[in-house]
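Colleague: Next come the chains, spelled out residue by residue.
Number of protein chains: 2
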Amino acid sequence: MNLTILGCYSATPRTLNNTTSQVLEINNHMFLIDCGEGTQVQLRKHKIKFNRIKHIFISHLHGDHFFGLVGLISTFRLLTREADLHVYGPKGIKEVVILQMKLADSWTNYNLYFHELTSNDSELIFEDEKVEVYTIPLNHRVYTNGFLFKEKTGLRKLDVYAAEKAEINQAYFRKLTQGFDVVNEKGVLISNELVTKAAAKSKSYAFCSDTMYKEDIIPLIQNTDVLYHESTFLEQHSHLAKKTKHATAKEAASIAKQANIGTLLLGHYSTRYNDIGKFKDEAKELFDNVELAEDGKSFKF
Amino acid sequence: MNLTILGCYSATPRTLNNTTSQVLEINNHMFLIDCGEGTQVQLRKHKIKFNRIKHIFISHLHGDHFFGLVGLISTFRLLTREADLHVYGPKGIKEVVILQMKLADSWTNYNLYFHELTSNDSELIFEDEKVEVYTIPLNHRVYTNGFLFKEKTGLRKLDVYAAEKAEINQAYFRKLTQGFDVVNEKGVLISNELVTKAAAKSKSYAFCSDTMYKEDIIPLIQNTDVLYHESTFLEQHSHLAKKTKHATAKEAASIAKQANIGTLLLGHYSTRYNDIGKFKDEAKELFDNVELAEDGKSFKF
Numbered sequence: 001m002n003l004t005i006l007g008c009y010s011a012t013p014r015t016l017n018n019t020t021s022q023v024l025e026i027n028n029h030m031f032l033i034d035c036g037e038g039t040q041v042q043l044r045k046h047k048i049k050f051n052r053i054k055h056i057f058i059s060h061l062h063g064d065h066f067f068g069l070v071g072l073i074s075t076f077r078l079l080t081r082e083a084d085l086h087v088y089g090p091k092g093i094k095e096v097v098i099l100q101m102k103l104a105d106s107w108t109n110y111n112l113y114f115h116e117l118t119s120n121d122s123e124l125i126f127e128d129e130k131v132e133v134y135t136i137p138l139n140h141r142v143y144t145n146g147f148l149f150k151e152k153t154g155l156r157k158l159d160v161y162a163a164e165k166a167e168i169n170q171a172y173f174r175k176l177t178q179g180f181d182v183v184n185e186k187g188v189l190i191s192n193e194l195v196t197k198a199a200a201k202s203k204s205y206a207f208c209s210d211t212m213y214k215e216d217i218i219p220l221i222q223n224t225d226v227l228y229h230e231s232t233f234l235e236q237h238s239h240l241a242k243k244t245k246h247a248t249a250k251e252a253a254s255i256a257k258q259a260n261i262g263t264l265l266l267g268h269y270s271t272r273y274n275d276i277g278k279f280k281d282e283a284k285e286l287f288d289n290v291e292l293a294e295d296g297k298s299f300k301f
Numbered sequence: 001m002n003l004t005i006l007g008c009y010s011a012t013p014r015t016l017n018n019t020t021s022q023v024l025e026i027n028n029h030m031f032l033i034d035c036g037e038g039t040q041v042q043l044r045k046h047k048i049k050f051n052r053i054k055h056i057f058i059s060h061l062h063g064d065h066f067f068g069l070v071g072l073i074s075t076f077r078l079l080t081r082e083a084d085l086h087v088y089g090p091k092g093i094k095e096v097v098i099l100q101m102k103l104a105d106s107w108t109n110y111n112l113y114f115h116e117l118t119s120n121d122s123e124l125i126f127e128d129e130k131v132e133v134y135t136i137p138l139n140h141r142v143y144t145n146g147f148l149f150k151e152k153t154g155l156r157k158l159d160v161y162a163a164e165k166a167e168i169n170q171a172y173f174r175k176l177t178q179g180f181d182v183v184n185e186k187g188v189l190i191s192n193e194l195v196t197k198a199a200a201k202s203k204s205y206a207f208c209s210d211t212m213y214k215e216d217i218i219p220l221i222q223n224t225d226v227l228y229h230e231s232t233f234l235e236q237h238s239h240l241a242k243k244t245k246h247a248t249a250k251e252a253a254s255i256a257k258q259a260n261i262g263t264l265l266l267g268h269y270s271t272r273y274n275d276i277g278k279f280k281d282e283a284k285e286l287f288d289n290v291e292l293a294e295d296g297k298s299f300k301f
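Those sequence lines, one after another, are chains A and B.
So in the working numbering the end of the first sequence lands on 301, straight run, no missing numbers.
So in the working numbering the end of the second sequence lands on 301, straight run, no missing numbers.
To be clear, the hints were calculated from the coordinates, so they are not data collected in a lab.
Among the hints, erroneous ones may be present.
Given that identical chains are not distinguished, each listed pair holds provided it fits within a single copy or across any two copies.
Stated by the list, open to error - List time: in silico BS3-like cross-link candidates among lysine-lysine, alpha-carbon distance up to 25 Å: (1) 300 with 150; (2) 278 with 214; (3) 278 with 245; (4) 297 with 45; (5) 284 with 102; (6) 245 with 102; (7) 91 with 102; (8) 243 with 102; (9) 54 with 150; (10) 280 with 250; (11) 102 with 54; (12) 102 with 242.
Quick caveat, the model's predicted, so the values are computed rather than measured.
Please build the complete structure, drawing on both the sequences and the hints.
Modeller: Next up, the structure:
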């Protein structure tokens, strides 16, 4: 699982600060999460192949999280994309994209599917054999969802040599990887654990931005490997966090601690702070394993 | 008159190429012409004060000319702008901005006026004591206008010493700068030319992008000091120019020649060409005074 931060600052794009967008590479998927203005240029800078992006998840319809979407959709067309594109985001996202295409007398030469979200409960919005994506309802000034990306538990790893030695017929090998005990050629029941090893641990990533401190999300993200939680402010500006429905670094750390997260990744910093190191310092007072998102930085989990 | 090219490439923003946007500084106005994605970052890079921009002119509703508008309007709000903002552009521009503000549950804390254009004839759309702005109807795939920015003819320059020597009462000085002959203290009619000099030549700038070759614009831009005319293609791709309703460098030069332009400024290059010098070479075969627009380049007229 690789995460590339294309932008992690709040409010407005600046010469050196991009607004929110991330690419999560998980089991051959390239999921784009949020799409602030300039995301397509950030994708080019980081040499991420446009055609590999087939799913875009938009948390909410504030400009710093989605003003780059229509441009990206339009550029996909100009680059003669053929692959389907699925966009998940709040109700209204389809109308705004379609209106702009209509005004430009434009179209897409690929299939564009909108999956509009309206529920206030967590929903499974994407699933294939290997990955599931759930919404994480957040609390911001407008309807907002975070997203939980989970690898499904994989197959157990077969020790072929041990299985052959135990005289198990090959026809049962698949059942073994699925965790079943099987009967060998001599009619003896062989315990699964004797001939297989545990599956590689399945990874999970939760993206929670923008939101104020919201304890309801804790059960949804319990034990997640990596949590990206917004920390627009430091505690010294907690009154601004409350007023604008954002969180502080300390609040993000508190959520991470309560949810038993592996690594907390902070981001969505207000540009009022010159030193983002302070976010890490503040969070570390409550929770040890803290990383700072930075534009252009990649994380391997 | 200063012109700063923020972006002059066609189709999609890239790491080193920005889509169309320019700032024209004329008689204390800062007119923003077109607003491709990323324009607000380009404005920051070139240290153009956001508050000085009070008028934005949008040629047409293709993304490479207006996808940066909603972000700029939104950023103006976040920076607590108070000055009025006037946006001139094709019908529909208001709906698309308002829809996005509605979805973001957002607003402007300054007055935002939309002047929607629908006419196929040239219109005077802005005027004050010193400057006039006219539309230049163009021929592109969607409804498109160029814009003609004209300084009004200024006042004649009074030679105070000569006027006093000719015994003209100071009460008539203003009339003299307006070009009138006046009667002096002795009742003698004094010819205006004896005591004034011609006004500084008023400058003019025509922006014509996007458009295919269109001779109808020639009378509108006759004798203009500087013409920015799109040249998306070279003649070798004239079939593509026709198909997409764009112009070649040669066609731009032909318009400049027929309209007796001072300087032709080329831009809106397709990124298929590695060497934009070829646009200049091609145009110079027909017209001598050719300059190339480049992102970040400024011109003083």
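Colleague: Decide, hint by hint, whether the structure agrees.
Modeller: Hint by hint, here is what the structure shows:
1. 300 with 150: within (15 Å within a copy, 57 Å between copies)
2. 278 with 214: Cα proximity of residue 278 and residue 214: one copy only (22 Å, versus 59 Å across).
3. 278 with 245: within (20 Å within a copy, 54 Å between copies)
4. 297 with 45: Both ways: residue 297 and residue 45 sit 12 Å apart in one copy and 23 Å across, limit 25 Å.
5. 284 with 102: For residue 284 and residue 102, neither the intra-copy (49 Å) nor the inter-copy (38 Å) Cα distance is at most 25 Å.
6. 245 with 102: So residue 245 and residue 102 pass the 25 Å test across copies only (18 Å; inside, 34 Å).
7. 91 with 102: both (19 Å within a copy, 12 Å between copies)
8. 243 with 102: between (37 Å within a copy, 20 Å between copies)
9. 54 with 150: within (17 Å within a copy, 48 Å between copies)
10. 280 with 250: Only inside one copy: residue 280 and residue 250 sit 9 Å apart there, 58 Å across copies, limit 25 Å.
11. 102 with 54: within (23 Å within a copy, 28 Å between copies)
12. 102 with 242: Classified as between; 22 Å across copies, 39 Å inside a copy.
The earlier numbered hint that this structure contradicts is number 5, and it is the only one.
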